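Sequence order for the protein chains is L and P. Residues in the first sequence are numbered consecutively from 0, following the numbering used here. Residues in the second sequence are numbered consecutively from 0, following the numbering used here.
Hints listed in this document are in silico derivations from the structure and should not be mistaken for laboratory results. Since this is a predicted model, take the numbers as computed values, not measurements.
In this list, chains with the same sequence are indistinguishable; a pair is considered to hold if it fits within one copy or across any two.
The calculated DMTMM-like cross-link candidates involving lysine to aspartate or glutamate, where the alpha carbons are at most 25 angstroms apart (straight line), are: (1) K507 to D603; (2) K540 to E587; (3) K675 to E236; (4) K562 to D40; (5) K527 to D344; (6) K378 to E556; (7) K6 to E62; (8) K63 to D434; (9) K61 to E71; (10) K61 to D671.
So the chains spell out like this:
Protein chains: 2
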Amino acid sequence: MPDFTDKLSPAQPDGPTTLAHERAQSNVSVKELSEYLLSSDGFLQRQARILPIIQHEPLFSKEKQQNLSRPERFKLGLARAKLLRRLKDKHEWNYDEYKMAEYLVDDVSPYFLHLEMFITTIREQASEEQRAYWMPLIESWKIIGAYAQTELGHGSNVRGLELEARWDSQSKEFILHSPTLTASKWWNGSLGRIANHAIVVAQLLLPKPGLPNQYVSHGPHPFIVQVRDMKTHLPLEGIVVGDIGPKYGYITMDNAYMLFDHFRIPHSAMLSRYSSVDPHTGIYTKPEQPALVYGSLTYVRAQIVHHARLVLARAVTIAVRYTAIRRQFQDRDGDKGGPEMAVLDYPTVQIRILPLLATAFALHYTGLSMRSIYQDTRKDVERGDFRSLAHMHSMSSGLKSLCTMLAADGVETCRRAMGGHGFGGGGGLIQLNNDYLSKPTVEGDNWMITQQVAAYLIKKMTAAANSPDGIASDETDSIFKQFIRNRRSTKSDEAKRDMLTCDRDIVKSFELRATVLAYEAYEQRVHKKQSWNSLLIQLHKLSKAQSQHILVKTFFEALSTEKSLSDSAKSILWELYRLFALFTMENEGFEFFRCNAVTRSDLDSLPARVQELMSRIRPHAVNLVDSWMIPDYLLDSSLGRHDGRVYEDLYNRAHRLNPLNQITFNPNYWEDEIVKGSKDSGASILSKL
Amino acid sequence: MPDFTDKLSPAQPDGPTTLAHERAQSNVSVKELSEYLLSSDGFLQRQARILPIIQHEPLFSKEKQQNLSRPERFKLGLARAKLLRRLKDKHEWNYDEYKMAEYLVDDVSPYFLHLEMFITTIREQASEEQRAYWMPLIESWKIIGAYAQTELGHGSNVRGLELEARWDSQSKEFILHSPTLTASKWWNGSLGRIANHAIVVAQLLLPKPGLPNQYVSHGPHPFIVQVRDMKTHLPLEGIVVGDIGPKYGYITMDNAYMLFDHFRIPHSAMLSRYSSVDPHTGIYTKPEQPALVYGSLTYVRAQIVHHARLVLARAVTIAVRYTAIRRQFQDRDGDKGGPEMAVLDYPTVQIRILPLLATAFALHYTGLSMRSIYQDTRKDVERGDFRSLAHMHSMSSGLKSLCTMLAADGVETCRRAMGGHGFGGGGGLIQLNNDYLSKPTVEGDNWMITQQVAAYLIKKMTAAANSPDGIASDETDSIFKQFIRNRRSTKSDEAKRDMLTCDRDIVKSFELRATVLAYEAYEQRVHKKQSWNSLLIQLHKLSKAQSQHILVKTFFEALSTEKSLSDSAKSILWELYRLFALFTMENEGFEFFRCNAVTRSDLDSLPARVQELMSRIRPHAVNLVDSWMIPDYLLDSSLGRHDGRVYEDLYNRAHRLNPLNQITFNPNYWEDEIVKGSKDSGASILSKL
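In isolation and in its complexed conformation, chain L is listed as follows (with noise of 0.2 angstroms):
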């Protein structure tokens, strides 16, 4: 309906006129510097195909969707994700291209454990014959699989599962069943509504040989079990399942419980390429290599590294927009009436996003390269040979733990540093805050998994103390070496550096300070025999030193190596890593001076420089963002917006997008009626549910 607001321009100059006057003052080219970052491996190629695709279809419009109820909003993300694989199917895409359209959509789809987990894990522990048999089904999607081993009293410990699944030798049968409520199968995706099929990971209970009724647990064990009716989809007799409820976010994901009750399934359930059961005997054979379920856990971890620097970096480019356009206060030294200052002109603001925006591009180096430390130890590992397979564990558990914080807390702290229109839903991140939220805990929770970083170091201390002067099997060992070389010859390790000036030494105070507290562990650990527990802070302190080296120590190689980027994009990357490294360091500032990784003076100039590095940055931060060509479709923000039309955007969700507005209420309190003209009230609202 037109009315009087219709011809309303925003305030000058309006958010059109001040991202082109910043993207016309930085000499940073979008277009060099978004094929570096992003089309090494056709990324950016293969999202200029699907978006298009994707934008044609109203299914996937997000206009509205904040306004649905989780009952509407599941069968939406449903539909979506059939029309996903359809469009598949019709455009042949492949598995990246597919990706890629649910990346833009950006709907937890409700068959992702489908795709992931179920399949994954019967590609790796089916034996052939059983793979023979359900590949097929499940690449065509004629059955959908979840993958089912969390219960409600049980998750990182899987030792601890309570699902049991016995032998039963005269029918030949093992037959699942849940003793207890804690026993119930809790979180599994896929499997609330949709799956009809799972992979159940249970207790191995076999009858001890020569006494029949005494049986023996084996640990867990998965197995393909059917769960619902093909045609009724109706849960199967002795099978109790549903959807959770409500949660932080996944809306559109059926996160299962179940509960089994003495429900019988064939000897062929039970996934045996490592590990089986005789169906004549009963008598179990082992895994060979128990090192090989490493590989599942590590790929997810290693993918969440990888998909941190996206997440960090739409939060960013929504900030970096926004707070180039919005002004607040004139420049209170400056004329009472001049303009007022665009809000990203303010170091307690730039404090807040800047490092952010470094810390976007510290989780670009670090996601490639440990996908590319991933794919080489697998090759390793298929030749047989394990022995880079710990390190990799330890880095991925430690880099997943500190980059799904920097990310999550990133998103938030890029939320508030937008104000008030940061609260509302034009800003674009509440539904990637409230998603991404889960991954501090899922795949290992972040305080948890660190100690499998610390462990990992304390061994190749002890290893580097027991050797200091054999040959170096690896970096870590040759750094350690050294270290308790220095130590022995009382030399300082503490060679005169130099942060405030040269790159290369930032690096060398960040593997100082990791090198000082893995050496501290093991002292406790293995000298003092300091209990694991009362040391766990510490331990997670370390791993958080050794992550954070890591990052700063791989930017640095990134660039050091880099021969193709024109000096502006280069000159501009070096900035970004020395604000990354230099904010980390202040923010840790007395454990690197306690560790001798930092003098004095230059902890003190720290801040000074930090505030120097941003404002160095400032003027290129539109385009920084620009390169990392997150489209509008998915950022879905009135704030970050590539055309800069904030305010018009934000009245229009308003105005012209928001169903409360089609509703006119009653405000008197002694009327019952709700909606001014129905008969609506509270108990009706209720009784809907």
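Given the structure of chain L, go ahead and fit chain P onto it with the hints provided.
Just chain P now, kept in the frame of chain L:
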């Protein structure tokens, strides 16, 4: 529908057993402590009185509300708010009792602004005649009002508001007009769908004397304006008003946008207690004492500070009870077959939750103190004595910034400490978290308002430096003068302190650090004439240091003067004091060190000292959170239930209360059908909006 899961129990030891053990092992009396904390102003008694009335009403059941859409949830919120008002009439509740009922129901009321800023502004800024007319209408809720100040383009900088109120000397009316889109009112609560009146803040434009066609602005002024028809409840002609759409939280609040097209309001609309326009001459009368406008802003900030303790206590209650019950992994150094450990026994869980438990108590004392300082200052001001106003304004700004940050971040820290189940709707933190995330921004952005603290302290330091030997005007002046005298005599400030054993020395350390930062800011701004904006980060740190000093000092003084408590209660409160202060110090270690506020050796000892304090507090954790007496109805949390039936309740919510489980879906991607046996498709869901 009954099924085999009805009879299942969780694995042993279950939650009730564990909590009974936790409660028995501590000598802290919940009864004593809760009365000490919450009965002085009748809070506890009020809660006990109101709770059963609320729980008796089906409309206030929270069981399924997370599943509603925004429009449905808003309708429910309005229905509840009406019922609350009717219960107020029925039970003749006073204001505090009504607020208690609202607190327990835990919906932001769509009438909130009517009861707060609308009525307050009329009370404080309307002339006597205006009050006589409006107050009866307001108090009887015959009209519902809102407060429309913030605009799409302007928040904190009130002087930058664009909406115009132009005096028409012909018709003796004001003409309200929005010249741009950014002039649209925005965020104004209770106005989007509900209010029929509003205080509208607009630039007062009056003709220049002798030049009737030229107008001059006299700055923003408040007007009372009818915006909707009292019968049809539709906007009046010349006004466009509506709800801005979904947000992070505040789902039951109709935050508004509103624009005016040459909308005429009578001369009597301008609230004229302090300033007025002569209807005959068009001549403006200025307010005598502009400081008076501080009043309501400071009141709201003081309220927010006081409220923060209960927000954090709620999250900590849930986190402590759940992590005491949740078990994970055996002790790495213990028996392999031993029981799993309660996760609250891991120092890495303690370090996240127990300092926040201590923080809730710190917030309590400062909240009480803030409230009584506000009341004293108000009495002073009403007597015409404005001297304490600047101090109170500075204190309320700094504390609002720090305390809302502690509570908002604390809620999320508690959530993450609860691992996987913390991400679920049964945690009970989703709505609290979403609503509270507004607090770091509203009523003065947390980074912006710290300038007000710094400006105040620089002024105080300047005065002290100019007259270090004069008589001190207040406590801050006395501390600052002493600091200047010590500097002059090169006497060291850091008299030997022993933070690890002397509680008073801890306060001294926080005092010195804040004073050194104030002195540095004074030097840079007053002597070195550095620009204000270049100092902003440093000024923010100063405000934080000063506010932390207030929290620590107030905690210390409250315990030092407390005489009625038992030894066991007092001794645990002292441990909480130490934990709060030393944990805070450890996190900002280098700043304390740089300010000579802590010795290097004390700083090195802090981590061990903090860990020791946590192990002393740990056995009392459950009784300490019990003492906040937050009812299960308010917690609305499976994880935080007083009876410890965590798993039973999680399962009940999932299996019996989740409407998604009423729907059977069709997972076949080649079929459009979403819901099995119905015509529901993706397009039909979108078309509902």
